[in-house]
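Chains as they are written, first to last, in the UniProt record's numbering: chain A, 1 to 327; chain B, 1 to 327.
Keep in mind that the hints were calculated from the coordinates and are not lab data. Warning: the hint list may mix true and false statements.
[Said to hold, decoys possible] Just so you have them, the derived chain B footprint on chain A, three or more residues with Cβ under 8 Å: (1) 86 to 95; (2) 138 to 145; (3) 244 to 250; (4) 265 to 274.
A virtual CB, placed ideally from N, CA and C, is assigned to each residue, including glycine.
Protein chains: 2
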Amino acid sequence: MKGTVGELGEFGLIRELTSRLTTTPAVRLGPGDDAAVVAAPDRRVVASTDVLLEGRHFRRDWSTAYDVGRKAAAQNLADIAAMGAVPTAVLLALVVPAELPATWPVELMDGIRDECQVAGAAVVGGDVVRGETITVSITALGDLRNHEPVMRSGAQPGDVVAVTGWLGWSAAGLAVLSRGFRSPRAFVEAHRRPEPPYHAGPAAASLGATSMTDVSDGLIADLGHIAEASKVRIDLHTAAIDVPTQMSDIGQAVGVDPLQWVLTGGEDHAIVATFPPDVKLPARWKVIGEVVNPSALPQVTVDGAPWERAGGWDHFGDEDLPEAEDD
Amino acid sequence: MKGTVGELGEFGLIRELTSRLTTTPAVRLGPGDDAAVVAAPDRRVVASTDVLLEGRHFRRDWSTAYDVGRKAAAQNLADIAAMGAVPTAVLLALVVPAELPATWPVELMDGIRDECQVAGAAVVGGDVVRGETITVSITALGDLRNHEPVMRSGAQPGDVVAVTGWLGWSAAGLAVLSRGFRSPRAFVEAHRRPEPPYHAGPAAASLGATSMTDVSDGLIADLGHIAEASKVRIDLHTAAIDVPTQMSDIGQAVGVDPLQWVLTGGEDHAIVATFPPDVKLPARWKVIGEVVNPSALPQVTVDGAPWERAGGWDHFGDEDLPEAEDD
């Protein structure tokens, strides 16, 4: 495809985007009408929205449009999974500059579509308008399959804290990229394209998870939301947390304790949940801490003590992505 | 409330926004967790997304934050109604500059909340991030109440075309505003805050509507979507279309045929539908045309002939809102 978004025009672009989509049995009516219709078999629908901005959440010189699409979809689909639901559909609200090559939104859509397929969902609708800054807003829908939603507020003292998926990989990849490097590839790839363990959300609900969330802002920050909502303290046990050798190597190279990436790095969208202490967890879950009674300590502690280093981020803070460097 | 969005911070702003929301019985889980849970009584959910950008779809000197919220919500809720569904919930994805007064997003949320209440829905979730341009993306959800969705593709030759709601009021109001005037108020208000007839969508479904849409881009443009999807031609009868006297007065004052506003003005979100010819329509519906077999003529004609004047708009064209004028 040649030309810019402006040359293709709104309707041309929408035609191009929708022509690339796939469908699923849950899609009763896809794009092209005033609204889509999606199956909600258990008479409830789970819904979540997130926004990604160029310069703030992604950079075009670090991530392809395809990867941004995968990442934007993953972020939302992981929120659905973290309620214990199976993702069914997403809607895309896209702002693109007129001078952007038309291939960019098209490849973005390919990425969103493919990530949806990994999660079992489909793109059912959206809106595209012209604007200065590329803005990707995705709303994901899901089905609870007759489970109750697993909220953040159900953790009980005595529960174990368990996690599945990747921790700190995206943050390590960002550290690599922001120093002008392109390798180790595995971490750079993890930053560009997270792999949330979607299946683990509904599985955790079946296993009796008492609370659950996905790790989008960092393990300590996101467990802080569970601790606050559940009025408990959560203590993490570093002896139970694996730091991959390669991550330690990167940490040494760039002068960062890799445990900081594991405990405070976001965007990998691991699934973390609390379970009654007698739970039998499948092999890919790892128990990394316990729920205790609230105390004068912070809501999340590490080996019984406050974690003193930086953690999480405030989207209104000054922690934008670093400025571009020359290759 | 004092200070800017940046001073309030992401979590402070989200707390402020969510504290103002109301709920309905359909909301099973509101904002604050990874995702919301909304009732979908008939095992399907209707979903639609739209984006509004500052400078492109609204101007802060012409519309209050509250009005932008009303309008953004109305636009999405009307899409749900136009499928024949009852709106249940909306999610908000908001981009705001750090230097924006914090009152702005708060009043925006008040507007969204109040428009949702008019339609019987509630705000159930969202995301807020910092960015250069105010961007309001709303996803609306709805319930079909066991009706089949009324699509654009079901119009049959012989059907009547009927409309309910306002036509051309927003366009006339925009014409007034863009010439530096603030009155007549009714039209300026209509531009700032449309009043879609939400109830008419599900009512039309019950009355056996064969196709339906809301008028967001202009009557001819939106009926064009129905004509194209249904493979028919639609002929409008100007003798059946009322042009309010005050609108004619404005037209004379600014040198525009007011019929152009009625036929091509968008954003009032009237509901237009086709019905079998023997339908008995309630008083607030007005028959304005008929569905005929496709021909060499355009898909929508006016009194049997092409409408030669400008119509609709392409979001990638150069038809931004006019530049600000001094008061």
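Going down the list of hints, with the structure as the test:
1. Taking a C-beta to C-beta cut-off of 8 Å, the segment 86 to 95 of chain A contributes 6 residues in contact with chain B, enough for the three needed, and the coverage statement holds.
2. Counting residues of the segment 138 to 145 of chain A whose C-beta lies closer than 8 Å to any C-beta of chain B gives 5; at least three are required, and the coverage claim holds.
3. Figure legend: the segment 244 to 250 of chain A, annotated as covered by chain B; annotation inconsistent (0 residues with Cβ-Cβ distances under 8 Å, at least 3 required).
4. Under a criterion of three residues with beta carbons nearer than 8 Å to beta carbons of chain B, the stated coverage of the segment 265 to 274 of chain A fails, only 0 such residues being counted.
Figure legend: structure checked against the earlier numbered hints; hints not met, in rising order: 3 and 4.
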